[in-house]
Amino acid sequence: MYNILIVSHGDIAKGYLNTTEMIMGEVENVMAIGIQPGEGTEDYGDKVFKVANELYTKDGLLILTDLYGGTPCNICISRILPYFAKVQIIAGFNLPILLEALGSRNNSLEESINTLLDIGNMGIVDVNTIVKNKRIDDEDE
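If you count by UniProt numbering, then the sequence shown holds residues 1 to 141, one letter each, in order.
Be a bit skeptical, because a hint or two may be false.
FRET-style restraints, in silico, Cβ to Cβ [stated by the list, open to error]:
1) 49 to 23: 25 to 31 Å
2) 114 to 69: 21 to 27 Å
3) 39 to 125: 32 to 38 Å
4) 19 to 40: 25 to 31 Å
5) 84 to 138: 49 to 55 Å
No wet-lab data here; the hints were simulated from the structure. C-beta: ideal position from N, C-alpha, C; glycine also.
Model the full assembly from the supplied sequences, consistent with the hints where possible.
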């Protein structure tokens, strides 16, 4: 079973973890670390590396980052990818990705990536269009 590290700016990572536990109950082997205002990248990088090292297993580590090209993602690229053999990073993650990742950790990390990306994309919807189309369908009946 792979473990999960959530990294972000500010408290977004912790918020996602708290929200997940509200939905699913307590989850194990998932940690969240956000870079705080004024925190140096070296200190944050050291924290991320330490936690990644604790979470890493032979089955791998999934890292979810809030923003591709942002400091948390860049730190994972520079400090985690070169050191650990089995790591996958998804940038721009959302709650459906995290929930699916937790539910599919018995699958291999490599097998999970495409599904997680699909779930993330499907989680982004234009609600107005759905509601409008539903109303039209209801009127047609």
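We went through each hint and held it up to the structure:
{"no.": "1", "hint": "49 to 23: 25 to 31 Å", "verdict": "holds (29 Å)"}
{"no.": "2", "hint": "114 to 69: 21 to 27 Å", "verdict": "holds (22 Å)"}
{"no.": "3", "hint": "39 to 125: 32 to 38 Å", "verdict": "holds (35 Å)"}
{"no.": "4", "hint": "19 to 40: 25 to 31 Å", "verdict": "holds (28 Å)"}
{"no.": "5", "hint": "84 to 138: 49 to 55 Å", "verdict": "holds (52 Å)"}
Hint compliance for this structure: every hint is met.
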